[in-house]
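Chemist: Produce the entire structure from the sequences given, and follow the hints as far as they go.
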Amino acid sequence: NAGVTQTPKFQVLKTGQSMTLQCAQDMNHNSMYWYRQDPGMGLRLIYYSASEGTTDKGEVPNGYNVSRLNKREFSLRLESAAPSQTSVYFCASSGRTSVMSASRDTQYFGPGTRLTVL
Amino acid sequence: QKEVEQNSGPLSVPEGAIASLNCTYSDRGSQSFFWYRQYSGKSPELIMFIYSNGDKEDGRFTAQLNKASQYVSLLIRDSQPSDSATYLCAVNNRKTSYDKVIFGPGTSLSVIP
Numbered sequence: 031n032a033g034v035t036q037t038p039k040f041q042v043l044k045t046g047q048s049m050t051l052q053c054a055q056d057m058n059h060n061s062m063y064w065y066r067q068d069p070g071m072g073l074r075l076i077y078y079s080a081s082e083g084t085t086d087k088g089e090v091p092n093g094y095n096v097s098r099l100n101k102r103e104f105s106l107r108l109e110s111a112a113p114s115q116t117s118v119y120f121c122a123s124s125g126r127t128s129v130m131s132a133s134r135d136t137q138y139f140g141p142g143t144r145l146t147v148l
Numbered sequence: 005q006k007e008v009e010q011n012s013g014p015l016s017v018p019e020g021a022i023a024s025l026n027c028t029y030s031d032r033g034s035q036s037f038f039w040y041r042q043y044s045g046k047s048p049e050l051i052m053f054i055y056s057n058g059d060k061e062d063g064r065f066t067a068q069l070n071k072a073s074q075y076v077s078l079l080i081r082d083s084q085p086s087d088s089a090t091y092l093c094a095v096n097n098r099k100t101s102y103d104k105v106i107f108g109p110g111t112s113l114s115v116i117p
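If you read the sequences in order, they're chains S and L.
Counting from 31, one number per residue, gives the positions in the first sequence under the numbering used here.
Counting from 5, one number per residue, gives the positions in the second sequence under the numbering used here.
I should point out that these hints are in silico values taken from the structure, not numbers from a laboratory.
Errors might be hidden in some of the hints.
[What the hints assert, rightly or not] Some chain S residues flagged as far from chain L (calculated, every beta-carbon gap over 10 Å):
no., residue
1, T37
2, V42
3, L43
4, A54
5, N95
6, R102
7, T116
8, D135
9, T146
[As the list claims (entries may be wrong)] Simulated crosslink set (SDA-like; lysine to any residue; CA at most 20 Å straight-line):
no., chain 1, residue 1, chain 2, residue 2
10, L, K46, S, N95
11, L, K60, S, P69
12, L, K104, S, N95
13, L, K6, S, N95
[Claimed, not checked] Facing chain L, a subset of chain S residues (Cβ under 7 Å, in silico):
no., residue
14, A32
15, Q52
16, P69
17, L73
18, F120
19, Q137
20, F139
21, G142
We put the CB at the ideal spot given by N, CA and C, even for glycine.
Modeler: Structure representation (C-alpha cells):
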C-alpha cells in the first residue's frame with residue numbers, strides 16, 4: 031500500500047496563477063484533510079471531507095477550494111495564488127483501520143507539497 | 005486561549021536522558037489525544053495515542069493523560085539522537101460529525117550526543 035500520496039512535491043507560482051494539488055489514499059478511509067504548515071504556526075486545517083461527496087471549511091479556507099472526487103481522491107485548488115499562500119501543504123486521511131496499534135482518529139499524512147508564490 | 009498549547013522549545017537533552025514534552029488543551033470534551041513526530045522536511049507520523057487517564061507505555065515512550073488538569077505529556081526514556089525532531093500534540097473532540105483533530109504548534113527536541 032502506498033498510503034497517502036501527493037503531487038507535486040515542489041511548486042513555484044507567480045502571484046495570480048492557479049494550480050491544483052492532488053491527493054490520493056489507498057486505505058479506504060472516509061475522512062480526508064488538507065493542512066498548511068508554516069513556521070511557528072503548526073498545522074492549520076484548510077478544508078476537510080468527512081465522506082465522499084461532502085466538504086467543509088476548516089480554520090483557514092480563504093483563497094482555496096477543494097473537490098472530493100471519489101473516496102480515494104481529494105484535491106486542493108488555488109484559484110489566484112498570493113505570496114501569503116507560500117507554505118508546506120499536507121494531505122491526510124483517517125478512518126477505520128485493521129491496524130491494532132492505531133485508532134480510528136489516527137491521521138496518516140502524505141509527503142507534503144512545498145509551494146512558493148513569488 | 006489557543007485550543008492546544010505546547011512549549012515551542014527547543015528542548016535540549018543529553019543522550020540517554022529522559023525528555024519530557026508537555027501539552028495542554030482547552031476543550032474539556034476532548035476524548036482522544038495523540039503524539040506525532042515530525043522530522044525536518046518530512047510529514048508527521050503517529051507515535052502514540054491515549055484515551056484514558058493515566059499512563060500508556062510503548063517501548064521507550066510513555067504518554068500520560070490527566071483530563072481533570074487538561075494535560076497530556078510524552079516521556080521519552082533513554083533519549084537517542086534519532087529522537088531529535090518536532091513533536092506535535094493533537095486532540096480530537098468527537099462532538100463534531102467528523103474526526104476533527106486540533107494540532108498544537110509543536111515542541112522541537114534536540115538530543116545531544
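Chemist: Does each hint fit the structure? Answer for all of them.
Modeler: Cross-check of the supplied hints:
With a closest Cβ-Cβ approach of about 14 Å to chain L, T37 (chain S) is found to remain outside the 10 Å limit, as its non-interface label requires. Consistency note on V42 (chain S): stated as away from chain L, and its beta-carbon is indeed over 10 Å from all of that chain's, at 17 Å minimum. Non-interface call for L43 (chain S) relative to chain L: holds, since the shortest CB-CB distance, roughly 20 Å, exceeds 10 Å. Separation of A54 (chain S) from chain L is adequate, the least Cβ-Cβ distance of about 15 Å exceeding the 10 Å criterion.
Once the 10 Å rule is applied to beta carbons, N95 (chain S) is consistent with being away from chain L; the minimum gap is 19 Å. With a least CB separation of 17 Å from chain L, R102 (chain S) remains clear of the 10 Å interface cut-off, as annotated. With a minimum CB-CB distance of about 16 Å to chain L, T116 (chain S) clears the 10 Å threshold, and the non-interface call stands. Distance to chain L contradicts D135 (chain S) as a non-interface residue, since its nearest Cβ pair spans about 5 Å, not more than 10 Å.
The Cβ of T146 (chain S) sits about 15 Å from the closest Cβ of chain L, beyond the 10 Å cut-off, so the non-interface label holds. This hinted pair does not check out: K46 (chain L) and N95 (chain S) have alpha carbons roughly 25 Å apart, beyond 20 Å. A C-alpha spacing of about 30 Å is found between K60 (chain L) and P69 (chain S), which places the hinted pair above 20 Å, so the restraint is violated. Note on K104 (chain L) and N95 (chain S): the hinted pairing holds, with a Cα-Cα distance of about 19 Å set against a maximum of 20 Å.
At roughly 26 Å between alpha-carbon atoms, K6 (chain L) and N95 (chain S) are farther apart than 20 Å, so this suggested pair is violated. Interface restraint check for A32 (chain S): the shortest CB-CB distance to chain L comes to about 13 Å, outside 7 Å, so the restraint is violated. Nearest Cβ of chain L to the Cβ of Q52 (chain S): about 16 Å, over the 7 Å cut. The hint is violated. Violation of the interface hint for P69 (chain S) is found here, the shortest Cβ-Cβ separation to chain L being roughly 10 Å, above the 7 Å cut-off.
A distance limit of 7 Å between C-beta atoms decides the matter here; for L73 (chain S) the minimum to chain L is near 4 Å, and the interface restraint holds. Because the smallest distance between the Cβ of F120 (chain S) and any Cβ of chain L comes to about 6 Å, under 7 Å, the interface hint for this residue holds. Hint status for Q137 (chain S) relative to chain L: holds, with the closest Cβ pair at about 6 Å, below 7 Å. For the restraint placing F139 (chain S) at the interface with chain L, the shortest Cβ-Cβ distance is roughly 4 Å, inside the 7 Å limit, so the hint holds.
The restraint placing G142 (chain S) at the interface with chain L holds, with a minimum CB-CB distance near 5 Å, inside the 7 Å limit.
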